[in-house]
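Trainee: Residue numbers (UniProt numbering): 1 to 547.
Possibly wrong hints are sitting among the right ones.
[What the hints assert, rightly or not] FRET-style restraints, in silico, Cβ to Cβ:
1. G351 / Q506: 32 to 38 angstroms
2. P146 / A513: 29 to 35 angstroms
3. R207 / V336: 26 to 32 angstroms
4. G523 / F58: 53 to 59 angstroms
5. V164 / R202: 31 to 37 angstroms
6. A371 / N286: 46 to 52 angstroms
7. D278 / D512: 41 to 47 angstroms
8. A371 / S485: 37 to 43 angstroms
9. R155 / D488: 31 to 37 angstroms
10. D189 / R501: 24 to 30 angstroms
11. P375 / P333: 17 to 23 angstroms
12. Q536 / G343: 44 to 50 angstroms
13. D353 / E167: 37 to 43 angstroms
14. D278 / T499: 32 to 38 angstroms
[Stated by the list, open to error] DSBU-like cross-link-like pairs, simulated, lysine-lysine; straight-line CA separation at most 35 angstroms:
15. K497 / K426
16. K426 / K465
17. K465 / K490
18. K445 / K426
19. K445 / K465
20. K426 / K490
21. K497 / K465
Hints in this document: simulated from the structure, not taken from any laboratory.
The C-beta atom is built at its ideal place from N, Cα and C for all residues, glycine as well.
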Amino acid sequence: MTMWWIWVGADLLVFHWVGFRLISADAWNLFSTRVPSLVPYLTFRMMLRWTFAIAVLFAIGWICHRGSQLLAQALASQTRQMSVRGATHAWTLSVLMTAIPGLLAWSSVEINMTRVPSRHALGVTGWFDNHGVDSQTKEQHVLPGPLFTSEDVTRRTRMLRFNVVQETQSLPPDILLIVVESLRPELVDPSVMPNTYSRAMRGLWMRRHHSGGNASSLGLFSLVSGLDAIWFYLADVRFSPAMNRLFEQAGYELGFFAGADDWEAFQMEAFIHADAYDTFDIGPRNRLASDRHAIDSAYTFLSRTDFPDGEQRSPRLAVLYLYATHAPFLVAPEHVRDLPSAGEDYPLPFGPDSRNAIWNRYRNSARTLDAMIAPLLNDANRLVAIVGDHGESFLEDGTIGHGTRLSATQVRTPAILFGPEVTQRKIDFNTSHADLLPTLLSLAKIQVSDPDSFDGIDLSADSPKPRVLAIADYLRPQALLISPSTIDSKVLGVHCKLTLRPPEIQIRGPRDARGYSLDSPAGFQSPRVVQEYFRQAFGKPRQQTVN
Numbered sequence: 001m002t003m004w005w006i007w008v009g010a011d012l013l014v015f016h017w018v019g020f021r022l023i024s025a026d027a028w029n030l031f032s033t034r035v036p037s038l039v040p041y042l043t044f045r046m047m048l049r050w051t052f053a054i055a056v057l058f059a060i061g062w063i064c065h066r067g068s069q070l071l072a073q074a075l076a077s078q079t080r081q082m083s084v085r086g087a088t089h090a091w092t093l094s095v096l097m098t099a100i101p102g103l104l105a106w107s108s109v110e111i112n113m114t115r116v117p118s119r120h121a122l123g124v125t126g127w128f129d130n131h132g133v134d135s136q137t138k139e140q141h142v143l144p145g146p147l148f149t150s151e152d153v154t155r156r157t158r159m160l161r162f163n164v165v166q167e168t169q170s171l172p173p174d175i176l177l178i179v180v181e182s183l184r185p186e187l188v189d190p191s192v193m194p195n196t197y198s199r200a201m202r203g204l205w206m207r208r209h210h211s212g213g214n215a216s217s218l219g220l221f222s223l224v225s226g227l228d229a230i231w232f233y234l235a236d237v238r239f240s241p242a243m244n245r246l247f248e249q250a251g252y253e254l255g256f257f258a259g260a261d262d263w264e265a266f267q268m269e270a271f272i273h274a275d276a277y278d279t280f281d282i283g284p285r286n287r288l289a290s291d292r293h294a295i296d297s298a299y300t301f302l303s304r305t306d307f308p309d310g311e312q313r314s315p316r317l318a319v320l321y322l323y324a325t326h327a328p329f330l331v332a333p334e335h336v337r338d339l340p341s342a343g344e345d346y347p348l349p350f351g352p353d354s355r356n357a358i359w360n361r362y363r364n365s366a367r368t369l370d371a372m373i374a375p376l377l378n379d380a381n382r383l384v385a386i387v388g389d390h391g392e393s394f395l396e397d398g399t400i401g402h403g404t405r406l407s408a409t410q411v412r413t414p415a416i417l418f419g420p421e422v423t424q425r426k427i428d429f430n431t432s433h434a435d436l437l438p439t440l441l442s443l444a445k446i447q448v449s450d451p452d453s454f455d456g457i458d459l460s461a462d463s464p465k466p467r468v469l470a471i472a473d474y475l476r477p478q479a480l481l482i483s484p485s486t487i488d489s490k491v492l493g494v495h496c497k498l499t500l501r502p503p504e505i506q507i508r509g510p511r512d513a514r515g516y517s518l519d520s521p522a523g524f525q526s527p528r529v530v531q532e533y534f535r536q537a538f539g540k541p542r543q544q545t546v547n
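Modelling step: build the complete structure from the supplied sequences, incorporating the hints.
Mentor: And the structure:
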């Protein structure tokens, strides 16, 4: 019995943090493959607190176990038969006293256990979790499929490989792509990121922008490929980033700068490695010093003019990846303005009482980073894009961090693009990281042979047509399909189980901004959104019946 309550306590902790059960395939995937890569982000005091909590939990368990044993010995009758009978009566009485009130009000109890399973001991089993089955009739999820085949996937990958540069202008601009860890769109505000905000007011500001997924690897993949991140899990696509190949064909010198060196831990070594760039400057994390070094190196790369006589300067593309806004959110002392602000060793997981102070620390961290990148934003002839790699949850969806749920807070991020010939415009329809590469190519006046090989669209066009987005999940073969029609709806998107090889699509139903399932609103049809997405990706679906 003691071990049961230890299990319940541990499960409550895990469920509160990441939103799934301790004994589940998702938990096994997280703890076996993902946690080791997150160790560098943990502080000593965080580890000390966790060690102490685990020790206290086991100490309480041992005390309860030993106390129960001594009490049983003291109260036991002289015969084994009477002891067993007494124990049976006691257990039966305690179970009935607990169960009868619940059974009398079972309908409301079941609803509460489904909505908030972490409040109930039996929730640890996962039996009462809401697995997202749409309460609408099953017929609404029937698809006229198959919507795509293995041949369709092969055809798309061939299109990607054969897409080449056809024409460039004589003096293309330098390009700087700044990727900021865990950046949420509401931080682009004059009180938090004034330098970024002022540039957003001068260029393209995508105000309903989404990462390729809820983790760094998925977001970066979409940026460098122009594809939705459902393609990330195909190795032949992941290892062939279109951005590097096309800009190199256009005569660009490529540079990558970051204060981290753990790309393999997140499967990003496929498109972040020394052979893919002319200049590759990375290093281990060293607090804010790592980001400062990366910024200085990118500045030098873009500004260098010391060439041998007669050598012409090539245009340059720099990718700058910054980590200050990743938990535990690094802050320079002079930028601690939002108060109260939590210390670096704030508790994980944290509760509602701590949220405001940790949120303020996050804002202060973004303010620090904004000041650090300011010198890179002043060249009027440079094309600059600023994006987050993904979002970050602060309990809005019931979780903390990212990579665990397809919710608005985990997948939405700012996207800003400014520079020469960039028209000032706010884009209020749904966009994603896959749109950035086609847009940068267009603004740099680089024409490619097959722009339709991208999932993304050119957002600098006079009248860009909104599309259905596919946002990939980090832990599971799932995606959220976001339709242009959901902007004014309580529906964030349609949740699906989705793999490209082998081709498989199963609709799980609509999701709200928290990533929770909900009934389909009147007039909303999940299959229609799914069909439209695959029509975009592979052409008109075949009209034949499948199970």
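Trainee: Could you run down the list of hints and mark each one as holding or not?
Mentor: For each hint, the structure was consulted:
Between G351 and Q506 the Cβ separation comes to about 35 angstroms, which falls inside the hinted range of 32 to 38 angstroms. Here the CB-CB span from P146 to A513 is close to 31 angstroms, well matched to the stated 29 to 35 angstroms. A hinted range of 26 to 32 angstroms holds for the C-beta pair R207 and V336, which are about 28 angstroms apart. Remark: the range hint 53 to 59 angstroms for G523 to F58 is upheld by a beta-carbon distance near 54 angstroms.
For V164 and R202, the hinted distance range of 31 to 37 angstroms is satisfied, since their beta carbons lie about 33 angstroms from each other. At roughly 19 angstroms, the beta carbons of A371 and N286 sit outside the given window of 46 to 52 angstroms. The hinted range of 41 to 47 angstroms is satisfied by D278 and D512, whose Cβ atoms lie roughly 45 angstroms apart. A hinted range of 37 to 43 angstroms holds for the C-beta pair A371 and S485, which are about 40 angstroms apart.
Judged by the Cβ atoms, the range 31 to 37 angstroms given for R155 and D488 holds: they are separated by roughly 36 angstroms. About 42 angstroms separates the C-beta atoms of D189 and R501, a value inconsistent with the hinted range of 24 to 30 angstroms. At roughly 20 angstroms, the beta carbons of P375 and P333 sit within the given window of 17 to 23 angstroms. Checked against the given bound of 44 to 50 angstroms, the beta carbons of Q536 and G343, roughly 47 angstroms apart, stay inside it.
Between D353 and E167 the CB atoms are about 59 angstroms apart, so this pair departs from the stated range of 37 to 43 angstroms. D278 and T499 have their C-beta atoms about 36 angstroms apart, which keeps the hinted 32 to 38 angstroms range intact. Distance restraint check for K497 and K426: the Cα-Cα separation of roughly 33 angstroms lies within the 35 angstroms cut-off, and the hinted pair is therefore satisfied. Between K426 and K465, the direct Cα distance comes to roughly 15 angstroms. Compliance with the 35 angstroms bound is thereby established for this hinted pair.
At most 35 angstroms may separate the alpha-carbon atoms for a hinted pair to count; K465 and K490 meet this at roughly 22 angstroms. Among the hinted pairs, K445 with K426 is consistent with the structure: their alpha-carbon atoms are about 22 angstroms apart, no more than 35 angstroms. For the proposed pair K445 and K465, the alpha carbon gap of about 20 angstroms is at most 35 angstroms, so the pair holds. A C-alpha spacing of about 22 angstroms is found between K426 and K490, which places the hinted pair at or below 35 angstroms, so the restraint holds.
Restraint check: the Cα-Cα separation between K497 and K465 comes to about 26 angstroms, which is no more than 35 angstroms; the hinted pair holds.
Taken one by one, the earlier hints fail for this structure at numbers 6, 10 and 13, listed in ascending order.
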